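Taking the hints into account, I'd like the entire structure generated from these sequences.
Residue numbers (our numbering), protein chains in the order written: chain A, -12 to 208; chain B, 60 to 428; chain C, 354 to 599.
Please keep in mind that the hints were generated in silico from the structure rather than gathered at the bench.
Some hints here could point you the wrong way.
Pairs of lysine to aspartate or glutamate residues, derived as EDC-like cross-links and limited to a Cα-Cα distance of at most 20 angstroms, are as follows [as the list claims (entries may be wrong)]:
#	chain 1	residue 1	chain 2	residue 2
1	B	157	B	131
2	B	157	C	472
3	B	157	C	490
4	B	157	C	488
5	B	157	C	479
All figures in this text were calculated on a predicted structure; none of them were measured in a lab.
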Amino acid sequence: MILGADKDSFLWWAWVEDHYDDIWAATVEHLQLTAIAIGVGIALSVPLAAVALRFRRTYGPIAGVAGILYAIPSLALFAILFPITGLTVLTAEIGLVGYTLLILIRNIVAGVEGVPAAVKEAADGMGYRPLRRFLTVDLRLATPAIIAGVRIASVTTVGLVTVTFVIGFGGYGGLINDGLSRNFNTPVVVGAGLSILLALAIDLILIIFERVMTPWNRVAR
Amino acid sequence: MTADGVAIRLDQVTKTFPGASGPAVGGLDLTVPEGGITVLVGPSGCGKTTTLKMINRLIEPSGGRLEVLGTEIHELPVHELRRQIGYVIQQIGLFPHKTIAENIATVPRLLGWDKARTRARVEELTELVGLDPEHLPRYPTSLSGGQQQRVGVARALAADPPILLMDEPYSAVDPIVRGRLQDELLALQSAVHKTIVVVTHDIDEAIKLGDQIVILEVGGVLEQVGPPEEVLRAPANDFVAGFLGQERGLKRLGLLTVGDAELVEGPVVAVGAAADEARAVMAEHGVDWVGVRDQRRLLGWVAAETLNGSTIGPTDLRAFAATVTPEATLREALDVIVGARSRVAMVQDDEKGYLGMVTIDQIAGGLEA
Amino acid sequence: MDALNEFWSFVTTAENYWGQRGIVIRVWDHLRLAGFSVLVASALALPPAIWLGHRKRGGVVAVWLVNIGRAVPSFAIIVLIFPIAMRYGFGLGFWPTAFALVLLGIPPIFTNAFTGVRDVDAGIVEAARGMGMQEREVLANVEIPAALPLIITGLRVSAVQVVATATLGAYVGFGGLGAFIVEGFAIQDDGKLLTGAILVALMSLVVELVFGWTQRRLTPWAQQGVLANRGTMVDASMRDVEPLPA
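What follows is the structure in structure tokens.
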């Protein structure tokens, strides 16, 4: 019944074999949407976090707006964007990027604040100008916290991309929806399973990336 | 309260932690007398905190017998034991979700006291520990470290336990506040006469607070027990002497007051006395000056070479540079004498009434005695 | 802004509010489903979380739950539950969706409650034991109250997530506000679409605000005082377990 030879089981392997192309296309689409969302998310979050760190009063409003975006259910958000920006990648990305902002901004801010004040002072004392210090000292030392944020944002985004099926994309979500509308379990299981695997794979890659980027944290035992 | 005046008795009490190579406390024998402050002091790893925590069974002894107020600690449920013992810790541990008043009222509420009685007790304690009552409805985060410490003590005393345990109570506050809190504890103790056991790593704190100090070495080994003055005078061995520090003689002087010493009469004449009389007094004492007094009050002194004419008038006098009151410690007297480059200090009471003289030789003798 | 006009005309048409597919009943269904799911998730998650936190065990479970909860797309859960429910005769709509929502709602409640209780300052727990509180008194008088901000955070995160995911329930036959969105997409009715979307967005925000308000009311001590205004801007109640947008 589970792993079986017919349409009603949960994983009908024959279907999988026949549809490698579709599965591959879904993978590519899923990856693209995720990559763009994270990339743009980071590109927006770093300056926003910098502003919040420099002008403390702005943190409240910035986090507030990001928080509101975050609280809105994704389906609703895409539904609201759709009449404005249509069935386009832009619609999907505005929504996806919006969801990454809160996590990324919060983690960047927390990470930079967690850098010991003594280090920042020493850098200032050595003559680093504020922007350079921020980019080369603060952010570098805040890397673990930032990557933690990127991991959460990535895994979340991979899950959210599935919802973009409502505006014509969906990546693995397309497979899920396909199965749903045809009352056919296998694509659903494949879509869901691959989505989880992708999320975990990205998580793992980022963990390794963090190790590489923070050699000072590796303690000799 | 107890038949023999012993509040806490440890009889070969031992504690070995699992996986440790040796006992944290190995066979400790100790009695804590009622109504006094006993300080456990020693280097890191000497088991002082472990010993303290065995008294209220926060750590269970591995062996030996521990009696609190005549009862072996396992003969009653542990929470009943603890409710008879106030406990103050270094981090203070005020409940952040309760107001100051609620914090202090914790044990009374646990014991089922009614609201009126609890409230009265909270107010009484607030005054006793020197806390401003306007803090009562506030939360702990709004108080400074020193104030939180006072609340911690009030909370520990709330149900009026006969015994108070304090684990490094003042390590977390700055030295100035610490000194003040220590003075407050001494004042409090003179009002409530509890049996207090304090753990500290600071020998000066132990000397200041303790009626009895207990010096422990690593492994809970008892090196010496006794009143601070005695321990300072006669350390039992090199370890204790080293732990007391280089200035132990001076520390001991800090425990004795001028009033404790036998004051010498000193070369003093009345104002208006004849110069010859003054010279005679000088010769008698073997000095080249005399002090001059008017009735009881000491006015000043005059040196031999400035004596001219027949009588000593008030205008011939110079003021004494080294004077102390009887409440001053011998250490302070020494400080004054050395600072004035003198050999003696004149002792006066609050109205400048002359009481006598204390000499540097006497003080040096005190160092040795 | 054509779409907005359609939205406006939709919500201002009285008859859209009543009847089986009306706004009122869908809002009510949505709230009912979400509320029920959060309650069940709490009942399932809180006791073990608090107990394990008290005993300082099982941290691995908490981490694992969070990761799974995050990695599994909520849409997938709902869709997967559907055929199972069908096979075992639970019918459409409410029960499968509720089942999925309970599963989704458990991780934040569990993890936040667990971490909250576990990470209560050791000093105050020691002080509590030292003054003679028995274990259950320590738990009730000290650990749970001190952990309350995080416990409520977990409930808040879970509730927002459940409200959000309930919209997807429309795809498996449950009504609620998601139904407006599904229908709106299907028949290209922007008014309906936006109605569903805006209403559910508002509902999420209201839930978020209500919990935030509750937290401030119930734990005034976490806001007050010297420490609350110094230190980091990222306040202690926003830990890293965030709702999954659904």
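Hint by hint, here is what the structure shows:
Straight-line distance between C-alpha atoms of residue 157/B and residue 131/B comes to about 34 angstroms, which puts the hinted pair past the 20 angstroms bound. The hinted pair formed by residue 157/B and residue 472/C meets the criterion: a straight-line CA distance of about 18 angstroms does not exceed 20 angstroms. Proximity of residue 157/B to residue 490/C is assessed by CA-CA distance (about 15 angstroms); at most 20 angstroms being required, the pair is judged to hold. For the hint linking residue 157/B to residue 488/C, the alpha-carbon distance of about 19 angstroms falls within 20 angstroms, and the restraint holds.
Distance hint between residue 157/B and residue 479/C is fulfilled; the C-alpha atoms sit about 16 angstroms from each other, no more than 20 angstroms.
Going through the hint list in order, the structure does not satisfy hint 1, though it satisfies all others.
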